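Trainee: Protein chains in written order, with the numbering used here: chain F, 1 to 246; chain Z, 1 to 435; chain U, 1 to 403.
Just so you know, the hints here were simulated from the structure itself, not pulled from any lab data. Possibly wrong hints are sitting among the right ones.
[Said to hold, decoys possible] Mimicking DMTMM-like on lysine to aspartate or glutamate, the simulated pairs with C-alpha atoms at most 20 Å apart in a straight line are:
1) U:Lys14 to F:Asp14
2) Z:Lys286 to Z:Asp259
3) Z:Lys348 to F:Asp74
4) U:Lys44 to U:Glu269
5) Z:Lys275 to Z:Asp265
6) F:Lys79 to F:Asp97
7) F:Lys135 to F:Glu123
8) Z:Lys230 to U:Glu115
9) U:Lys309 to U:Glu324
10) Z:Lys230 to U:Glu190
11) Z:Lys52 to Z:Asp124
12) Z:Lys348 to F:Glu55
13) Z:Lys193 to Z:Glu297
14) F:Lys3 to F:Glu30
15) Z:Lys55 to Z:Glu293
16) Z:Lys193 to Z:Asp65
17) U:Lys44 to Z:Glu304
18) F:Lys124 to F:Asp102
19) U:Lys280 to Z:Glu304
20) F:Lys3 to F:Asp65
21) Z:Lys286 to Z:Asp65
[Said to hold, decoys possible] Label pairs and their in silico Cβ distance ranges:
22) Z:Leu383 to U:Glu265: 18 to 28 Å
23) Z:Gly200 to U:Glu265: 19 to 29 Å
24) F:Gly112 to Z:Gly380: 47 to 57 Å
25) Z:Ile6 to U:Pro210: 51 to 61 Å
[As the list claims (entries may be wrong)] Covered by chain F, according to a simulated footprint, are these stretches of chain Z (three or more residues, beta-carbon under 8 Å):
26) 3-15
27) 334-340
28) 348-361
29) 419-430
Quick caveat: nothing in here was measured; it's all calculated off a predicted structure. We put the CB at the ideal spot given by N, CA and C, even for glycine.
In case you want the letters, here they are:
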Amino acid sequence: MLKMTGINKVFRTDLVETHALRDITLHVEEGEFITITGPSGCGKTTFLNIAGLLETYTQGEYLLDGQNVSALGDYQRAKLRNQKIGFIFQSFNLMPDLNLFDNVDVPLRYRGMKAAERKSRIEKALDSVGLLSRKKHLPSQLSGGQQQRVAIARALVGEPRFLLADEPTGNLDSNTAEGVMELLENINASGTTIIMVTHDPSIASRSARNIHILDGRIAEPQTIAHTETGQLGSVSQASAKTASAA
Amino acid sequence: MFMYYIRLSLLSYRRNPVLSTLMVLAVAIGIGAYMVIFTLNYYVGGDPIPAKSDKLFHVQFDYGDPAVPNSTPPPQLTYIDATALLNLTTQHPRTATSKFSAIIEPEGNDIRPFAVDGRGNFADFFTMFDVPFQYGSGWDRSADDSNQQVIVLSQELNERLFGGGNSVGETILMHGYNFTVVGVLDRWVPIPKFYDLNNGSLNPGEEAYIPWNLIVAMELRRSGSTNCWKAPEGSGFQAFLNAECAWIQYWVQLDSTADQSAYRDLIDNYAAQQKQIGRMLFPLEKRLFDVNEWLLEQEAQPPETRMLAALAAMLLAVCLLNTVGLLLSKFLGKSAELGVRQALGAHKGSLFIQHVIEAGFIGAVGGILGVGVAYLGLQGMYLLLGDFLSTGWLRLDITVVAVTIGLAIASTIVAGLYPIWRACNINPAIHLKLQ
Amino acid sequence: MEVGPIFRALTRNKLGVVLIAVQIAFTMTVIVNAVFIINDRNGKMGRPSGMDEANTFYITSIGFGENFNEAVTAAEDLDMIRQLPGVLHASMTSALPVSGSGSSTGVTVVAGQRESSVPTAVYYVNENALSTMGLELIAGTDFTANDVLARDNSSNSLPNNIIISAALADVMFPELGTRAVGQTIYNASEQPLRIIGIVQQLQGPWPEWPFVEQAMLSPLHVIDGTSTYLVRAEPGQRDRLMVEVEEMLAASNGERILRGLSSMEDTREQSYRVDRAISKILYVVIATLVFITAMGIVGLAVFSINRRKKQIGTRRALGATQGEILRYFLLENLMITSCGVVLGAALTLGFNMFLVQSLDMPRLDWYYAPVGMLLLILVGQLAVIGPSQGAARIAPALATRSV
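Make the full structure from the sequences, and use the hints.
Mentor: The structure is reproduced here in structure tokens:
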């Protein structure tokens with residue numbers, strides 16, 4: 001599904017070179033739920049952006065669904081994002097002047113779908129997060145948790161194989177966060193691969209596999225279970241380390 | 001997708017209503033003002049007879065006193081030269097023409113006698129200048145030769161004398177002579193009045209047209225301008241006719257370049273002959289001017305229009321610079337949205353199109369408002385210059401409206417290119433994390 | 001004090017700065033030149049013609065019919081007009097200043113010396129012209145009835161005596177000036193004309209004519225069927241008399257028509273109509289530009305402040321007072337505007353050169369550009385004051401809020 005080998009990312013300005021990611025090698029299989037943890041500025045988000053084709057990398061190889069993405073231009077990268085990847089952000093990033101229906105509509109527009117099909121998909125997606133009745137509302141009329149549900153509906157409406165979430169519960173209180181997490185777990189259970197950045201160890205602990213990034217590297221040793229048998233509750237050393245640091 | 005982008009443009013407008021309205025106003029005022037000046041210049045400086053302007057020629061001779069410093073040759077012909085040219089060749093349509101004024105004494109006592117501005121001309125005048133007729137037509141060349149007392153009325157004069165009805169065949173008492181009406185003009189307002197620029201290039205045309213020879217035969221009061229560079233020898237009307245006094249415009253229609261060069265040779269020869277007998281001593285390089293050359297030579301376009309054009313261009317430039325700045329702010333202010341759209345699958349091309357349409361949308365709204373501004377501007381021009389401009393020529397037709405809106409859309413998009421380019425090239429990643 | 005940091009911050013937004021600066025430069029160019037054109041035209045419109053324009057009007061009588069006798073009619077008409085209460089003077093003239101129509105000729109000091117010919121407007125008048133026009137005789141004597149020659153078109157002869165404007169005397173006799181009374185000049189047909197008087201000022205009929213101040217009066221009445229009567233009324237009586245004179249003349253003789261009744265003030269209004277219109281157009285252009293530019297500055301300021309809200313909050317949190325925030329934005333605007341007006345000064349002079357060449361306008365007076373610069377700096381400061389106050393009110397707490 002996702003196969004990174006020796007990915008490096010260097011930000012260059014006139015004065016400094018910053019190594020955001022160093023030699024990241026990671027294989028993600030179809031249907032996994034992976035959490036990424038690490039301290040602020042460790043490169044979590046850069047990793048997610050590269051995985052989501054929002055940023056390019058300096059060195060290495062990245063195969064998405066068997067396709068090498070390093071040579072792709074903006075147009076093809078956009079198409080891949082549109083069809084295979086869904087994004088969820090910490091601050092939801094809903095468009096403030098579009099109502100819920102239109103917000104969920106955005107990725108479908110870029111797919112060039114017929115109006116009737118768009119409508120049925122949008123309504124299904126909104127229904128699945130329990131907000132169909134409010135499809136005419138503007139994001140500002142919703143609570144934070146509801147907004148994040150809409151964002152999830154928007155990420156899912158194109159039926160991507162692969163969901164990238166950047167601190168999706170970071171701006172939510174614990175009750176709401178729990179609801180969002182349950183929703184994501186249900187989505188994962190129905191087959192969608194999820195990679196989620198978080199700094200909350202209790203959330204990280206709910207994933208089958210946790211990657212800890214430190215100073216742009218994947219911290220060694222890796223998770224205990226590199227097999228597909230990892231179950232809930234298998235706490236990695238890395239997340240334990242974070243917890244102890246916190 | 002187009003309609004989707006239009007809807008996004010509308011939403012975007014509503015998101016920053018003040019900023020967007022400022023842009024619309026800037027475009028509207030800039031384009032509106034530009035169109036007012038453009039319309040003015042188009043009419044004042046445009047080609048008054050586009051179909052034939054390169055076939056109609058005005059003749060100029062080497063007039064003036066070479067001893068007098070800084071003098072320019074008067075732009076008309078003397079009686080001697082006009083009559084000589086008329087007889088030099090009759091192969092091409094040609095006309096000598098000049099203004100007169102006379103008193104018309106209407107029949108009965110309903111209308112008091114009144115003065116009219118008239119024009120003496122040859123039969124060819126009407127066909128050469130494509131003069132439109134409402135009733136009847138001009139007269140035959142034979143009427144020119146036999147001094148027939150025929151008259152063509154302007155629409156206004158026909159209205160005044162005959163209530164606008166078909167007056168062909170009626171008789172008019174003018175300057176003590178009876179004239180038979182042979183034709184009534186339709187509305188004819190060439191701007192500028194290229195065939196006689198001597199008394200104001202924007203002035204309305206004359207009210208009555210008669211065979212030119214009658215001006216001399218009846219000794220009508222000539223009312224155009226007269227330039228003498230030598231005092232008449234002797235006194236009286238005949239002495240004036242023989243004098244070096246220019247008061248006649250002379251036009252000839254030359255359809256082919258061969259005709260034109262042949263005619264040029266003809267008048268060059270004539271001028272050379274005249275030089276030998278001591279006339280035409282003022283050095284002149286060019287004697288034959290087509291309509292547009294003549295307008296340029298005579299500076300028919302007021303210099304003020306060029307100044308206004310420059311000012312209007314600067315006004316438009318300021319408005320568009322304003323738009324560039326505001327669009328830049330607006331589009332860069334949407335960085336987060338652009339980032340999200342890219343994450344959701346928009347490629348740069350679709351963002352580019354979205355923003356071109358958004359800029360075009362602002363341009364279109366500005367353009368529609370600009371038509372209103374242009375309308376008000378032209379109304380203002382009327383108020384200020386009303387009786388200088390023949391009525392009804394400054395108007396907004398469908399072409400001007402279309403050009404205004406089109407120009408507004410195009411210039412706003414051009415103004416938006418750099419802001420759009422910047423907006424499409426933001427790094428989406430940095431704008432997704434926090435707002 | 002904070003110029004350095006503001007300047008460095010501005011260099012990071014070069015385009016925004018350039019856009020406003022160029023806009024201000026263009027605005028200044030248009031405004032300064034427009035004001036200059038308006039003043040120039042007002043100056044031209046304000047030039048006196050030498051006449052008592054406020055109280056004079058004129059009307060033309062055109063005779064027709066076989067029994068019409070112009071000489072008799074004119075004498076009778078003028079007598080009748082003079083008898084109307086409120087009329088000060090009445091006379092005949094062939095043309096009027098400012099009206100745009102009349103005749104001119106070239107005169108020389110030495111007969112036949114055409115290369116030194118001086119252009120002058122010619123007014124053919126009768127003996128009451130000076131008092132009717134309200135001209136001020138500064139040397140010599142007025143015409144008398146004996147000077148006046150009446151003739152028809154079959155002759156070219158001119159009366160011997162003339163009165164000229166002081167400007168014409170200065171051009172023809174630079175050493176003598178007003179002492180030129182008694183000198184003889186010659187017209188194009190080398191006819192001698194003796195200067196018997198000089199008037200302080202009399203303009204020719206064409207306001208745009210380069211020799212507009214050069215004019216001469218000749219006591220000639222050409223009998224060609226047309227006479228123009230000029231009437232000078234007592235102050236306040238003009239409008240009433242205009243109506244009365246026209247009615248009286250219309251009733252007195254059926255073999256003529258009356259045309260062109262107009263006061264001198266109306267004539268001036270008509271003649272300068274284009275100039276007046278252009279002045280008004282320019283006022284509208286100036287107002288529009290100031291508005292657009294100010295709004296542009298406001299728009300961009302509001303936006304840049306919104307973008308920097310957090311930064312402003314942080315400054316406040318770090319101890320900046322409201323006054324300091326306000327000053328920051330005013331200073332920032334001052335720096336941008338200053339660049340604009342310097343560029344604007346150059347453009348202004350460039351556009352003035354274009355006007356000098358294409359419109360024969362004079363050069364800009366030295367003080368126009370600096371005044372324009374100050375004015376635009378002021379406009380910039382006023383425009384940015386509202387948004388800056390908004391910025392100053394941003395709460396320090398904003399610094400710590402994350403969304």
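Trainee: Next, verify each hint and record whether it holds.
Mentor: Results of checking the hints against the structure:
| no. | hint | result |
| --- | --- | --- |
| 1 | U:Lys14 to F:Asp14 | holds, 19 Å |
| 2 | Z:Lys286 to Z:Asp259 | holds, 17 Å |
| 3 | Z:Lys348 to F:Asp74 | holds, 7 Å |
| 4 | U:Lys44 to U:Glu269 | holds, 13 Å |
| 5 | Z:Lys275 to Z:Asp265 | holds, 15 Å |
| 6 | F:Lys79 to F:Asp97 | violated, 25 Å |
| 7 | F:Lys135 to F:Glu123 | holds, 8 Å |
| 8 | Z:Lys230 to U:Glu115 | holds, 13 Å |
| 9 | U:Lys309 to U:Glu324 | holds, 15 Å |
| 10 | Z:Lys230 to U:Glu190 | holds, 10 Å |
| 11 | Z:Lys52 to Z:Asp124 | holds, 14 Å |
| 12 | Z:Lys348 to F:Glu55 | holds, 14 Å |
| 13 | Z:Lys193 to Z:Glu297 | holds, 14 Å |
| 14 | F:Lys3 to F:Glu30 | holds, 11 Å |
| 15 | Z:Lys55 to Z:Glu293 | holds, 11 Å |
| 16 | Z:Lys193 to Z:Asp65 | violated, 28 Å |
| 17 | U:Lys44 to Z:Glu304 | holds, 15 Å |
| 18 | F:Lys124 to F:Asp102 | holds, 14 Å |
| 19 | U:Lys280 to Z:Glu304 | holds, 13 Å |
| 20 | F:Lys3 to F:Asp65 | holds, 8 Å |
| 21 | Z:Lys286 to Z:Asp65 | holds, 17 Å |
| 22 | Z:Leu383 to U:Glu265: 18 to 28 Å | holds, 19 Å |
| 23 | Z:Gly200 to U:Glu265: 19 to 29 Å | holds, 21 Å |
| 24 | F:Gly112 to Z:Gly380: 47 to 57 Å | holds, 50 Å |
| 25 | Z:Ile6 to U:Pro210: 51 to 61 Å | holds, 59 Å |
| 26 | 3-15 | holds (count 5) |
| 27 | 334-340 | holds (count 4) |
| 28 | 348-361 | holds (count 3) |
| 29 | 419-430 | holds (count 3) |
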